[in-house]
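J.: Sequence:
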Amino acid sequence: MEDRPLSIRARKKVKAQVEKADRDRLMRLFQRRMELARSGAVFFRDGKLKEALQNYFGYLEVLEKTKGIAKGKLEPGHFDLKKDIAEMLLLSGIFWDLSKLHDRVKQKDLDKLQYYLNQFVMFSKGMPYQHVASELVRKYLLNGLPKNRKEFKDAHIKLGGGSCFIATAVEDYCNPTTLDDLRSFRDEYLLSRGWGRQFVRVYYRIGPTLARGVLRTPEAFQRLLAHTFDRIAKLT
31 MEDRPLSIRA RKKVKAQVEK ADRDRLMRLF QRRMELARSG AVFFRDGKLK EALQNYFGYL
91 EVLEKTKGIA KGKLEPGHFD LKKDIAEMLL LSGIFWDLSK LHDRVKQKDL DKLQYYLNQF
151 VMFSKGMPYQ HVASELVRKY LLNGLPKNRK EFKDAHIKLG GGSCFIATAV EDYCNPTTLD
211 DLRSFRDEYL LSRGWGRQFV RVYYRIGPTL ARGVLRTPEA FQRLLAHTFD RIAKLT
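Once you know that position 9 of the sequence shown is 39 in my numbering, the rest is easy, because the numbers rise by one and skip nothing.
Worth flagging that the hints you see were computed from the coordinates, not collected in a lab. A portion of the hints provided could be inaccurate.
Unchecked claim - Computed Cβ-Cβ distance ranges for the label pairs, DEER-style:
| id | residue 1 | residue 2 | range |
| --- | --- | --- | --- |
| 1 | Asn205 | Asp76 | 49 to 59 angstroms |
| 2 | Lys264 | Arg62 | 24 to 34 angstroms |
| 3 | Val72 | Ala250 | 42 to 52 angstroms |
| 4 | Val72 | Asn205 | 38 to 48 angstroms |
| 5 | Lys264 | Gly226 | 13 to 23 angstroms |
| 6 | Lys264 | Leu111 | 40 to 50 angstroms |
| 7 | Phe109 | Asp217 | 41 to 51 angstroms |
| 8 | Phe60 | Asp210 | 37 to 47 angstroms |
| 9 | Tyr145 | Lys97 | 26 to 36 angstroms |
| 10 | Val72 | Thr239 | 16 to 26 angstroms |
| 11 | Glu65 | Arg253 | 31 to 41 angstroms |
Glycine is no exception: its CB is placed at the ideal position from the N, C-alpha and C atoms.
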């Protein structure tokens with residue numbers, strides 16, 4: 031009977047040792063992927079794109095192994111939205127950098143660009159930093175940087191795009207002040223009226239789908255639609 035307390039204490043000791051070893055392992059993996067993420071960001075900033083890719087891919091590989099996830103299958107559902115929000119923000123930034131890196135790929139490799147843009151949107155939409163992510167895409171578009179403009183515009187629309195979804199889809203053909211004028215009309219007129227708020231709610235539900243449809247229409251139609259928005263903006 032005297033051996034029983036010893037046996038219980040021994041099991042508790044072994045359990046504590048196993049738990050500590052597991053915590054230490056997770057901490058080492060965390061430190062390793064943070065090192066890879068920081069190095070990737072520095073290489074990207076310095077224009078060393080090959081090295082940036084290697085470090086970013088290394089970060090993703092370590093993270094996937096830590097969470098026991100198959101390659102390329104990371105989703106927000108694998109994270110605690112309260113405890114892991116900082117790393118989710120980091121992932122959003124990494125997927126954004128990878129999207130820009132793959133913006134220069136050959137046409138046949140566009141699926142890689144689309145994958146990273148989708149991951150960027152997935153790890154940004156609905157998060158506290160969604161507006162910041164949307165602004166990153168808007169400025170990238172505004173500066174005329176993307177080679178594959180349609181794909182980046184679609185990402186901007188999915189992130190809200192200022193919520194003027196259809197106008198955002200044709201903003202390349204609009205007057206520079208049109209989107210701001212339309213947003214002011216929404217904020218100052220529509221949202222101050224009951225019917226206007228109802229209209230905005232319905233538009234927010236169907237707007238992204240309509241905007242993606244507009245992106246697939248001929249340029250002539252998009253120009254006509256942009257001209258219509260310009261005229262509406264002048265009336266507001």
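J.: Now tell me if each hint is right for this structure.
T.: To see whether the hints hold, each was checked on the structure:
no. : hint                                  : in the structure
1   : Asn205 <-> Asp76: 49 to 59 angstroms  : violated, 38 angstroms
2   : Lys264 <-> Arg62: 24 to 34 angstroms  : violated, 57 angstroms
3   : Val72 <-> Ala250: 42 to 52 angstroms  : holds, 45 angstroms
4   : Val72 <-> Asn205: 38 to 48 angstroms  : holds, 40 angstroms
5   : Lys264 <-> Gly226: 13 to 23 angstroms : holds, 19 angstroms
6   : Lys264 <-> Leu111: 40 to 50 angstroms : holds, 43 angstroms
7   : Phe109 <-> Asp217: 41 to 51 angstroms : violated, 33 angstroms
8   : Phe60 <-> Asp210: 37 to 47 angstroms  : holds, 43 angstroms
9   : Tyr145 <-> Lys97: 26 to 36 angstroms  : violated, 19 angstroms
10  : Val72 <-> Thr239: 16 to 26 angstroms  : violated, 40 angstroms
11  : Glu65 <-> Arg253: 31 to 41 angstroms  : violated, 49 angstroms
Checked against the numbered hints above, the structure breaks hints 1, 2, 7, 9, 10 and 11 and satisfies the rest.
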